[in-house]
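The sequence shown begins at 1 in our numbering and counts up one residue at a time.
Because the hints were derived from the structure by calculation, they are not lab data. Just so you know, even glycine gets a beta-carbon here, dropped at the ideal spot from N, CA and C. The hints are all genuine.
Keeping only pairs whose Cα atoms sit at most 16 Å apart, straight-line, the calculated EDC-like set for lysine to aspartate or glutamate is:
#, residue 1, residue 2
1, Lys35, Asp104
2, Lys67, Asp132
3, Lys67, Glu134
Pairwise CB distance ranges (calculated):
#, residue 1, residue 2, range
4, Asp104, Glu134, 43 to 49 Å
5, Ile55, Ile31, 25 to 31 Å
6, Arg50, Tyr78, 27 to 33 Å
7, Glu26, Gly112, 24 to 30 Å
8, Ile55, Leu79, 21 to 27 Å
9, Phe90, Lys67, 27 to 33 Å
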Amino acid sequence: THSERYGTTCSSNDLFANTNQTSLFEMLTDINRYKLIFSEFIDHIVWFGRSHISILAVLLVYMLIVKLTPRASDHSAYLACALILAVQFFGYFAIYVVTPHDLDWHLRTSLGRLIMQLYPAALFLFFASLSDPETVFAK
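Hey, can you work out the whole structure from these sequences and the hints?
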């Protein structure tokens, strides 16, 4: 084995070690897990930064003022960026579905950090797909 040959030991993966005896099938088919995860994702995205004003609401108002007008020449770049964000988002979601840890605890202690990882690319995609303010207000 690897540990005998190289003198190292490997720890098991905590996500699939199944220490609390809940089967993977039970976790995958528990609709309440999906509801909780989805509601926590929405809460963390809408209230990102935990301020009194939702940054998402501010960005949506800004989008209404400046207008969403992606350049046709950059369409594939926008699509690639959005696809990367979506895959990362759904990967995080899937890990929460199968986590053997207490789901409330796992969401409470890690989701904010994961949203923080998605935030810069999402913000870049958002502003890259808007008209620049100089063009909008020059009219």
